[in-house]
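There are 4 protein chains.
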Amino acid sequence: MSTATQTTLHTAREGYDRDLRVAVLGVGMMGQDHARRLAQLTKGARLVAVSDVDGARTDAVAAEFGVRALHDPVAAVEDPEVDAVVIATPGFTHEGLVLKALEAGKPTLCEKPLTTSPETSRAIVEAERALGRQLVQVGFMRRFDAEYERLRAVVASQELGRPLFLHCVHRNATTPPNFSSEMLVLDSVVHEVDAARFLLGEEITAITVLRPGRTSNAPEGLQDPQFVLMETESGALVDVEIFVNTTTGYVVRTELVAERGTAQIGLGVGLVQQSRAGWGGGIPADFKERFGAAYDVEFQRWVDAVRSGAGVDGPGVWDGYAAAAVCAAGVESLRTGRRVEVDLGARV
Amino acid sequence: MSTATQTTLHTAREGYDRDLRVAVLGVGMMGQDHARRLAQLTKGARLVAVSDVDGARTDAVAAEFGVRALHDPVAAVEDPEVDAVVIATPGFTHEGLVLKALEAGKPTLCEKPLTTSPETSRAIVEAERALGRQLVQVGFMRRFDAEYERLRAVVASQELGRPLFLHCVHRNATTPPNFSSEMLVLDSVVHEVDAARFLLGEEITAITVLRPGRTSNAPEGLQDPQFVLMETESGALVDVEIFVNTTTGYVVRTELVAERGTAQIGLGVGLVQQSRAGWGGGIPADFKERFGAAYDVEFQRWVDAVRSGAGVDGPGVWDGYAAAAVCAAGVESLRTGRRVEVDLGARV
Amino acid sequence: MSTATQTTLHTAREGYDRDLRVAVLGVGMMGQDHARRLAQLTKGARLVAVSDVDGARTDAVAAEFGVRALHDPVAAVEDPEVDAVVIATPGFTHEGLVLKALEAGKPTLCEKPLTTSPETSRAIVEAERALGRQLVQVGFMRRFDAEYERLRAVVASQELGRPLFLHCVHRNATTPPNFSSEMLVLDSVVHEVDAARFLLGEEITAITVLRPGRTSNAPEGLQDPQFVLMETESGALVDVEIFVNTTTGYVVRTELVAERGTAQIGLGVGLVQQSRAGWGGGIPADFKERFGAAYDVEFQRWVDAVRSGAGVDGPGVWDGYAAAAVCAAGVESLRTGRRVEVDLGARV
Amino acid sequence: MSTATQTTLHTAREGYDRDLRVAVLGVGMMGQDHARRLAQLTKGARLVAVSDVDGARTDAVAAEFGVRALHDPVAAVEDPEVDAVVIATPGFTHEGLVLKALEAGKPTLCEKPLTTSPETSRAIVEAERALGRQLVQVGFMRRFDAEYERLRAVVASQELGRPLFLHCVHRNATTPPNFSSEMLVLDSVVHEVDAARFLLGEEITAITVLRPGRTSNAPEGLQDPQFVLMETESGALVDVEIFVNTTTGYVVRTELVAERGTAQIGLGVGLVQQSRAGWGGGIPADFKERFGAAYDVEFQRWVDAVRSGAGVDGPGVWDGYAAAAVCAAGVESLRTGRRVEVDLGARV
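Chains as they are written, first to last, in our numbering: chain A, 1 to 348; chain B, 349 to 696; chain C, 697 to 1044; chain D, 1045 to 1392.
Heads up, some of the hints might be wrong.
[Unchecked claim] Per the computed footprint, the stretches of chain C lying under chain B, defined by three or more beta-carbons under 8 Å from a beta-carbon of chain B, are:
1) 806-817
2) 910-921
3) 952-962
[Said to hold, decoys possible] Footprint (simulated), chain C over chain D, 3 or more residues, beta carbon under 8 Å:
4) 1090-1100
5) 1150-1158
6) 1165-1172
7) 1177-1183
8) 1200-1213
9) 1239-1248
10) 1301-1309
These are calculated hints, taken from the structure and not from any lab test.
Just so it is clear, CB atoms sit at the ideal spot from N, CA and C, and this is done for glycine as well.
So that you can see chain A by itself, here it is in the shape it has in the complex (with noise of 0.2 Å):
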């Protein structure tokens, strides 16, 4: 496609009436994946070029995608044919992108850690904070997850009263080589920690990680797993275990104690609440509510098809014509109180 067009101005402050150029920095598995998004799911952005230490896997994921190969990710921040930039390169190198991304006025999504201590982060949050205006979101993801958007939403409402506790677990089934102890606080508890915060709207005042007898499924030295106490402003207890080699899968769960009930996600059936009244969720309104993201997938696959050229990726007539028939003979079966038999003809 051209770009001729898109030569206006824009900038971040005024938003933009055309498709975001943006450009991933880092294409290890999470950047690559978060290449994909960006070129093939998410409306309204276009991905424009990747940049990695490594050259060559940067050129061969931009070849893959068709979009720019941009060796110094520097140089990536400041194009001017870059509108906003994704961060998911290794976490060291996260403070100085940042800072550049916040002096280029490039809007930034930065995956988690937003840097490896809490002096440079402070330092990007008053260096934002002196710029006057949001420029870098982290990437907690969770945060976007429907269950953990429901539990917020319980908390907020007080329905169930003060909370007090949070029992979280958070397992694995095995690590990557190379991981230790303090990982599994800085690259797993972390979610725990903003999912803490983003759950009860509270900071948290006080940490204890304790050490129970460690698992034989573990690397020679790592201390897996822990057992994580969080204390919070107004005195709620938020408890985690963090287990990275459970052999078994990946296993987020969360559950609030509050005065007056319970509520829980990640038990793989939505949330799930006990109270005065008895446990249960909820039962989905319509059809909207159930297959809501049925109708997003079936809209994707069948412009993907069609731009493609393949035409369709799904029922076609013959489905629509098998179903008319049944149908039909369903209607007459209504009527008679009698079987009635289909004969659909050949396929043709």
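Chain A is fixed; fit chains B, C and D onto it per the hints.
Below, chains B, C and D alone, put in the same frame as chain A:
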């Protein structure tokens, strides 16, 4: 965006290297929802026009989305700046519009039913066949639901052996005015008809509709609930409870009973199997499986926020800083075995 | 125990102020289980005799329980030292034995079926009526299952309105040899027949048995599964999947669909309701509800242990001591806020 | 019943060939429940006496069950017509009564706590040891709960590897008056102490009790909830949420986290495991597993009905007849493929 660059000739057969220009015909509740989906969510699509028999509604919806209002649906189908159409008009108009779309060579996503009789549906099958390529997709959205896909995969894998039963439940809280006994079959059971064909991969050969005792919550004259029995080519039995004035909520549930086990969806817990090994379901393998959709939402909302000039729609740098501070304290606690207090300083 | 003090005349009409002397007729798998129940568990009953067409089996079972072996079941019914009988012989013998028991005025618990034909069952109804009082109970044990009792209470309370459907599932892993297609109805569906009558409180007015595709795991000639439709006086529809060679396990499940909600049992989670308020179940009110059965078992096992001379069958004083020591340390920790170590000393 | 035949000398060491004569000491709520259990449910036991510090209550309960009222509990322990005692008096009296029972050589079931201090409990351990045989059982009833037994079997089988955590929850709706912060530990957590020892098969080596924010529903001065951490010999960590004014209901839940999977009880769904294979539970193998308890209830209620002269307490011959008639019609339908009507005739 200028459309000047888009006058290059494209056809459905060749595919499109730019956003697909789609018109939505019929903008009642369902059509408006689809218009919003195309305008705001479906990557690669551009909503360019809407059309409805109600002229005022056409104008209003067109204005809301900033697209053209085309009062004649046939003209919308034939419009040279419309690449493809979504048909969400009443069922009795489908035949004419779909035939017109086939004639115009326009890819079409037609809401169910394809048409209101087997004869007219069959005519469309023949017409498309004469054209030599698939242009028409029918809106059976359940095929795009993750649980249906998993259940179909269970059948296809033959791991539980040959299917013997599909027990189906389809419940709505209430019906719209003027809903008739036949419409339970034509509007609701039709989904089970297609789902059974999709899941089992075979045609239905006979149908019986039973009339159990009526609920007192159904409007005068409406036979609600009904119980439907369908037989398939292989001898499997599909039974459907269809009950559309339950007063409770929307419940769609399907249980496959096969020779060596069962698999159930629609319980709100994913797919649950019973087999010789016991009952249960799977555990997500990793965070992509559990939180993939959250990442999708996160990116969409971030891009929307940046394009609108809002900058951020999610956790900001203060959240990143707070997490960094708590985790640093956590690492200290891990090392010392002591409780460590966290002081964030004043919020800036 | 001497029986000399028990020659005082007692009759079923007057009741008994001593243990009831019971004979079990038929000591195959089921009868042996009942004999053990009466000998070891049922308070107020004393197993005094067993009888079986297989003389050697009669002798062996009698010896096991230290009771009399009566080779003629009719003599057992008429024996003056037998107060009441349990009939667990094959169904075709029930008619004769029950009539003999009525004649002898002996209270009888007769395993299902009462008899093998409606005519003979009706004859027993008439005979008991002529007697003027109830002497015969039929062994439909589901009526004594806590979940069935709760589901019946839901129907009786009318809180969900009039019943419209009972969806029933009855599955066995495998069948015994020589199981016939008719026996699926007579031996298995019979439980659903009684359960439907018990739950709904009305009679069944019509029945249809469908023959879906056969599982390849059923023995040659056996129509398995079957699908049964029963209609009741009020117009409710009872559908039953009966499937006895599932290869998996024993599953009995019933879902009531009523005018304003549903209630399901047999999921292994007690009774689960759906209504306008959502889905869910109850929370036990107190420890008696949750652990009442555990107390029953505790007492039975303790009395059995003491009577056998073993003294204790459960936690002993060391367990009491260990708990006291840990709790005392807990109270100290509560007061001081510190971790307190526990030292039990050497185990004595 | 004459007790003349029961003067034969029996001792706890030799066992008893007749019903065990039991006295219940303390007939408050708990003791009355135990008296009822012994009088009406426990096979092989005979309630012969009750005793309570409240003389009027003693007389009333004795009259209710038709047994002796013994106003002096020590005399009750020493009574020659009392074989064994159940102690359900307040905890501070346990030490004296248990020592007296040991002295008298009387088998004793003592409600928890054994005594109120580690020192006095230890003294009882020594006294019983000096006696050379076990006479005292402590009332930790959870050990007799089917779910606890299954969870213990999972640990013992080592199928999931070494235990790392037990996450425990213990919730009551409300507390009795005068409940103190210490009593949360001594009366409630004590059950988790014993359960942890029972499940893990090892001793507890340290305990920490934390004081999170108080619920506003707790009485003035009561520290509710509390959070308890216990460490075991092998390094497993047991954490307990103890919360006794939830306003909702009674919830006791335990989750074992072991090296290769988890197993949870108290959800109301039996034991649920997570392992490499997924999550889930077992399916009953047969009807005995599913309906065994129903048979027990059926027999107890039938014997009670016969002994009282009522004759029948459950389905009668009409129910047997109705089932026979419906099944006969079912067999006809199976053979003919047609719907068959059922006519029972007038109810006699």
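Hints and how they fare:
1. 806-817: Answer violated; 0 residues pass the 8 Å Cβ test.
2. 910-921: Satisfied; 5 residues make the cut.
3. 952-962: holds (count 5)
4. 1090-1100: This one is violated; 0 residues, fewer than the three required, reach chain C with a Cβ under 8 Å.
5. 1150-1158: Contact hint for the region 1150-1158 of chain D vs chain C: holds, 6 residues under 8 Å.
6. 1165-1172: holds (count 6)
7. 1177-1183: holds (count 7)
8. 1200-1213: With 0 residues close enough to chain C, the hint is violated.
9. 1239-1248: With 4 residues closer than 8 Å to chain C, the region 1239-1248 of chain D meets the three-residue bar; holds.
10. 1301-1309: Three-residue rule not met by the region 1301-1309 of chain D, so violated; n is 0.
Hint compliance for this structure: hints 1, 4, 8, 10 are broken, all remaining hints hold.
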